[in-house]
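**Student:** Assemble chain G onto chain E, guided by the hints.
Residue numbers (our numbering), protein chains in the order written: chain E, 1 to 216; chain G, 217 to 428.
Simulated from the structure, these hints should not be mistaken for laboratory data. All the given hints hold, so there is nothing to weed out.
Beta-carbon label-pair distances, calculated as ranges:
id, chain 1, residue 1, chain 2, residue 2, range
1, E, 99, G, 410, 21 to 27 Å
2, G, 300, E, 91, 50 to 56 Å
3, G, 280, E, 25, 40 to 46 Å
4, E, 21, G, 236, 26 to 32 Å
5, E, 182, G, 285, 44 to 50 Å
6, G, 236, E, 25, 32 to 38 Å
7, E, 99, G, 325, 31 to 37 Å
To be clear about the criterion: a stretch of chain E counts as covered by chain G if any three or more of its residues have a C-beta under 8 Å from a C-beta of chain G, and this derived list gives those stretches:
id, region
8, 27 to 39
9, 103 to 117
10, 130 to 141
The following residues of chain G were derived to be distant from chain E, with all beta-carbon distances above 10 Å:
id, residue
11, 279
12, 280
13, 292
14, 299
15, 357
16, 387
17, 394
18, 407
Glycine included, every Cβ here is placed at the ideal spot set by N, Cα and C.
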Amino acid sequence: MTQQKQAQKRSLGFYSADPSQHTLLEDAQGLVTGALVAALGFYFLNQVGLLTGGTAGVAFLLHYAFGISFGLLFFIVNLPFYYLSFRRLGLAFSFKTFIAIALASVITEIEQEFLLIQYLHPAWGALLGGLLLGYGLLALYRHRASLGGVGILAIYIQEHFGIQAGLVQLAFDICVMICAFFVVAPEIVLWSVLGAVVLNIFLAINHRSDRYIVVR
Amino acid sequence: MAGEGRTPVGFWASTSDRHSVIEDVQAIAAGSMLAALGVTMLAAAGLLIGGTAGLGFLVRYSTGLSFGLVFFALNLPFYWLAYRRMGLAFTVKTFSAVALTSVLTEVLPTLMGFDHLHPVAAALFGGLLIGMGMLAPFRHRASLGGFGILALYLQDRFGWRAGVVQLGLDLLVLALSFFVANPAVIFFSILAAATLNLTLAINHRTDRYVVR
Numbered sequence: 001m002t003q004q005k006q007a008q009k010r011s012l013g014f015y016s017a018d019p020s021q022h023t024l025l026e027d028a029q030g031l032v033t034g035a036l037v038a039a040l041g042f043y044f045l046n047q048v049g050l051l052t053g054g055t056a057g058v059a060f061l062l063h064y065a066f067g068i069s070f071g072l073l074f075f076i077v078n079l080p081f082y083y084l085s086f087r088r089l090g091l092a093f094s095f096k097t098f099i100a101i102a103l104a105s106v107i108t109e110i111e112q113e114f115l116l117i118q119y120l121h122p123a124w125g126a127l128l129g130g131l132l133l134g135y136g137l138l139a140l141y142r143h144r145a146s147l148g149g150v151g152i153l154a155i156y157i158q159e160h161f162g163i164q165a166g167l168v169q170l171a172f173d174i175c176v177m178i179c180a181f182f183v184v185a186p187e188i189v190l191w192s193v194l195g196a197v198v199l200n201i202f203l204a205i206n207h208r209s210d211r212y213i214v215v216r
Numbered sequence: 217m218a219g220e221g222r223t224p225v226g227f228w229a230s231t232s233d234r235h236s237v238i239e240d241v242q243a244i245a246a247g248s249m250l251a252a253l254g255v256t257m258l259a260a261a262g263l264l265i266g267g268t269a270g271l272g273f274l275v276r277y278s279t280g281l282s283f284g285l286v287f288f289a290l291n292l293p294f295y296w297l298a299y300r301r302m303g304l305a306f307t308v309k310t311f312s313a314v315a316l317t318s319v320l321t322e323v324l325p326t327l328m329g330f331d332h333l334h335p336v337a338a339a340l341f342g343g344l345l346i347g348m349g350m351l352a353p354f355r356h357r358a359s360l361g362g363f364g365i366l367a368l369y370l371q372d373r374f375g376w377r378a379g380v381v382q383l384g385l386d387l388l389v390l391a392l393s394f395f396v397a398n399p400a401v402i403f404f405s406i407l408a409a410a411t412l413n414l415t416l417a418i419n420h421r422t423d424r425y426v427v428r
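Chain E on its own, in the form it takes in the complex:
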């Protein structure tokens, strides 16, 4: 009864009358939005030669070390994690995450056709890149998806042990940054750390399932 009334009140609510469920269309826009914004973040980082944490950080390391395309590497590095994802977080989560990662990989690669950056200070690259990745990941997290193996691991740990996803990622990212010293210049690593800190603080503050209440 109350639900019916609520549905009637929301005269323009053709997407979903139920606040606790995302519709397919809403999930689709969540994934596309998250992937687009995250891909822009990757692109900014790539343009100034920065890294980030997570599997993307591993992909950046390999990209800078061997010159293989970042999008391809990012897609491949994430493949092993789908098993954990499928076992622990279910088919819907794994499928959405696969779509998001595939989209982000492809968009990052084709972005250079549409968007060329003339100059970008590494500090701003780090700040904007970190923030964009944070926004993108937040959208994906809230639609029960992720953007990489460490994210999957982090969400799993948050749901089972109550340790915030942002903190788990921070630990992994520190390892990536230590490896980065062998591949890129020290000041680039420092700016990368700044970007990763921005990203992880943003997620740690904002990813709370008690506030964004959609359950699926």
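**Tutor:** Structure of chain G alone, referenced to chain E:
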């Protein structure tokens, strides 16, 4: 009771139904940053958008005045409505967000420049970034400009979707843009405005993001 909604490392505090000051600050900083990046991308491709930002672009393209300054000045009359209808906290947060966005839109172009920016990419990314940038202050009970305040007020008062109200106002701004831009630019600007407003209409729901 007070500790119930706390997270294990909740030094930024806060129960699940209330934002702490530091959370509001980071939301306004992050939202302004994203919106300013969106504006920078639109400006780099010579596109327009709706809202008071659209009016800012109109004045900028027709007179050459700085966008940040015009955007800041145009929003001043709306703070009265904001203060009367939405209260002091909302008004202070909104003023901070608008001021920060104004400054950042002036600073960003000196720190980054585009060699080549396709209008479709500018419209999609610009619209999306401004939409997501506005979503953060909206969810923290603030706004990023007069039309947003008006739209939020109408949503609270009459239950009209903020995104839909803004779409109407934006159509008005875009009609005015025909005086300063060619049809191709208008087309891509509409794409940007549609992206922005869809992002808001789908995602700004007080029944989902439950914090006041």
